[in-house]
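**Student:** Below, each chain spelled out in residue letters.
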Amino acid sequence: MGRFKNNKKSRVAVKPIAKKNQPNVDHVTGDKIPKSFVFSRMKLPGPVKQLQMDLRKLMLPYTALSLKEKKRNTLRDFLNVSGPMGVTHFLMLSKTASALSLRVARTPQGPTLTFKIHQYSLASDIAQSQLRPRCPQDLFKSPPLIVLSGFGSQELHLKLATIMFQNIFPSIDINTVKLSTCQRLVLLNYNKDTKMIDFRHYSIRLQPVGVSRRIRKFVQNHQVPDLRNLQDVSDFVTKAGYGSESEGDEEAATVTLSSDLGRVNKSSTKSAVKLQEIGPRMTMQLVKVEEGLCSGGIIFSEYENVDGKKGDKKQDEDEEDEEDGDGEEEGGSEEEGSEDGMDEDHED
Amino acid sequence: MSTGDEGHMAERGTKKRRVGTSGGKGKKKKLKTQPASSDRSKVSMKSKKLFQKRARDYNSDEDEDESTKPAPVSIREKIFSDANMGPNYDEIEEEEGSDNDENSDGEDHGEIQSGITRFATDDGCNAFRVAFKAIMKKTKGEDALGPVLSAHKHLIGQKLAEEEAERKAKGQARKAKHLVAEKGHVKPASYLDSHEKILIGVATKGVVKLFNAVNKAQHAQKGLNAARSKDAKELKKRRKDAFFTELGKTPKADTKAQKSSSSQGDEAPAWAPLRDNYMLANQKLKDWDKKQETSEGDDFADMSGDESYED
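Residue numbers (full-length UniProt numbering), protein chains in the order written: chain D, 1 to 348; chain X, 1 to 311.
Keep in mind the hints are simulated off the structure, nothing from the lab. Quick reminder that beta carbons are idealized off the backbone N, C-alpha and C, glycines included. Keep in mind that a hint or two might mislead.
[What the hints assert, rightly or not] In silico DSS-like pairs for lysine-lysine, Cα to Cα no more than 25 Å straight-line: (1) 195(D) to 183(X); (2) 274(D) to 205(X); (3) 141(D) to 195(D); (4) 177(X) to 70(D); (5) 71(D) to 177(X); (6) 178(D) to 216(X); (7) 209(X) to 43(D); (8) 187(X) to 57(D); (9) 205(X) to 192(D); (10) 178(D) to 187(X); (11) 178(D) to 177(X); (12) 49(D) to 177(X); (13) 217(D) to 159(D); (14) 237(X) to 178(D); (15) 141(D) to 209(X); (16) 240(X) to 32(D); (17) 159(D) to 209(X); (18) 43(D) to 216(X); (19) 177(X) to 274(D); (20) 49(D) to 175(X); (21) 43(D) to 170(X); (22) 233(X) to 178(D); (23) 237(X) to 209(X).
[As the list claims (entries may be wrong)] These stretches of chain D come out as covered by chain X in the derived footprint (C-beta under 8 Å, 3 or more residues): (24) 43 to 57; (25) 112 to 126; (26) 140 to 149; (27) 163 to 177; (28) 184 to 193; (29) 223 to 237.
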């Protein structure tokens, strides 16, 4: 009879890996560190599940990498957990027959941005396509930088997206930042014509300029070089290697470092910035902005007319629309949005 | 229970006793089985009777049936059986040898032999044997279905066709599901196309800008001790100047690595701390504690804005 006993002590709705030693506040700058949950509330097909895992890795280190979600977990469950754990952002993937969408929400009160993912490639796909995929050990130990490009400040929803993505990663204090922590980069590039946002994830690599490949490898690898084909030791230094070193846009991509970085990048010399993609890669479109957390009035919608007239429902997201489509409210919210742009309350 | 025990006892008993009891039963059985077995020319009457006897002994179930009727073993019967024993055994040996030739040669030991003989003599088993032999004699048809025992070949054909159709439908459904699951999933090309190159260029520009800005800012504070208040002020000023000159002369970008490539014009920056009048013109910050109270219990209107959720 003993084996029929249930050993479970209690039922826990959400069991995220507790980040007990992670501070909520940056020690140096005193800023609040944004944290995130990446989850889905439905059963995702294989590749999308992998995409979710890739997104979690991208959001490292301030995310729950092995967050377990169950079917019965509601949004409220995640919300309840997010408070004590200091989680500030939710990234929710959802998949319907027609579309795959990503919702980026700020907890606990919103707003929520809904992106429709038109195309995506997994990190493994990217790695497969590359000759030498690069993954240093401490790549995911520091948060990525974020580069937003093409987002004008004119349109309100784009501005909102800009701010949302700026705040999703910890901010950098330019005076105290260590360059060795800048290992990754997330690029969001907005294309005005197609209204698509290109989402890319790169690893940053620095190489000294003006040093031949052989010398660089020699210094980096600690290995005895192969000198069989050389007449003299000086040949190793003087002889040029293959013409593989692309010098095309070296000028634009060189930086002078403020401090030494690694064995080869000295602060006295110039270094070239090299980026290599480490997926995931997404092409997405901002389709909807909601006031609340997956609810509330619609501030912006790609398909519907925001001005109050109910457009035909072309949207294919399954949303729990509770109080949308109210013309006056939406008009009002837009006003308030512009107002808030003027007088913003800022609590640090 | 008692009857079962008895049957058991009969089986386990000494050879002599077993033969004796079975002999008694056999005598009764003789009358019944005689007409049925009379048509068989091969096996003699007597031996057949004996075989049946042994078979019954071998099969405990039958024994039980028999033993439900109390079979009193009288001395006379015992004697009779004892007398019967000798010649009977000889005949059994003979007959079994012939049967073995017919069915399967090799083993000729008591119990197994009796089993085999039972197979040969029992009516049901015999019918089964005949049927089985008839089936085995049949040549295998050159049908796609292969050898089928059933006469309803077309039914089986139908069933197979149905299965095939079902499998096909299932496969299609799975394929459709897979297509839905894979929708939007693209494998990147192994080379960098122009779009990717542009994107990498944009990202590189951003990184370079940031690194240079960091370099400038951190270079400026060299030689100054931040602990001293006099230096600290100087430091602050220098840092700010250096940073803004690095970031395209207008204080438009924030301290993050965000480098908007499109020019924002000369309007005030979106982020509050970058404005010149930050903390000066903002009335709300004076009574910030009151403000927070209201905003917490407030409506959704406060969140509709794009700035209210900054931290």
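**Student:** For each hint, tell me whether it holds in the structure or not.
**Tutor:** Okay, the hints, checked on the actual structure:
1. 195(D) to 183(X): Measuring from Cα to Cα gives roughly 20 Å; hence the hint holds.
2. 274(D) to 205(X): With a Cα-Cα distance of about 11 Å, the restraint between residue 274(D) and residue 205(X) holds, given a limit of 25 Å.
3. 141(D) to 195(D): 33 Å, violated
4. 177(X) to 70(D): Roughly 22 Å between the alpha carbons, so the hint for residue 177(X) and residue 70(D) holds.
5. 71(D) to 177(X): The hint holds at about 20 Å.
6. 178(D) to 216(X): Between residue 178(D) and residue 216(X) the Cα gap is close to 13 Å, so the pair holds against 25 Å.
7. 209(X) to 43(D): Judged against 25 Å, a Cα distance of about 42 Å means the pair is violated.
8. 187(X) to 57(D): Since the Cα atoms of residue 187(X) and residue 57(D) sit roughly 20 Å apart, the hinted pair holds (cutoff 25 Å).
9. 205(X) to 192(D): Holds, at about 20 Å.
10. 178(D) to 187(X): 35 Å, violated
11. 178(D) to 177(X): 48 Å, violated
12. 49(D) to 177(X): With a Cα-Cα distance of about 15 Å, the restraint between residue 49(D) and residue 177(X) holds, given a limit of 25 Å.
13. 217(D) to 159(D): Distance of about 44 Å is beyond 25 Å: violated.
14. 237(X) to 178(D): With a Cα-Cα distance of about 21 Å, the restraint between residue 237(X) and residue 178(D) holds, given a limit of 25 Å.
15. 141(D) to 209(X): Answer holds: residue 141(D) to residue 209(X) is near 23 Å, not above 25 Å.
16. 240(X) to 32(D): 22 Å, holds
17. 159(D) to 209(X): Holds, because 22 Å separates the two Cα atoms, which is no more than 25 Å.
18. 43(D) to 216(X): 49 Å, violated
19. 177(X) to 274(D): The hint is violated at about 40 Å.
20. 49(D) to 175(X): Status holds; Cα separation ~19 Å.
21. 43(D) to 170(X): 21 Å, holds
22. 233(X) to 178(D): The hint holds at about 23 Å.
23. 237(X) to 209(X): With Cα atoms ~20 Å apart, residue 237(X) and residue 209(X) stay inside 25 Å; holds.
24. 43 to 57: holds (count 4)
25. 112 to 126: Held - the stretch 112 to 126 of chain D has 8 residues with a Cβ nearer than 8 Å to chain X, which meets the minimum of three.
26. 140 to 149: With 5 residues closer than 8 Å to chain X, the stretch 140 to 149 of chain D meets the three-residue bar; holds.
27. 163 to 177: Answer holds; 10 residues pass the 8 Å Cβ test.
28. 184 to 193: Result for this restraint: holds, n = 3.
29. 223 to 237: violated (count 0)
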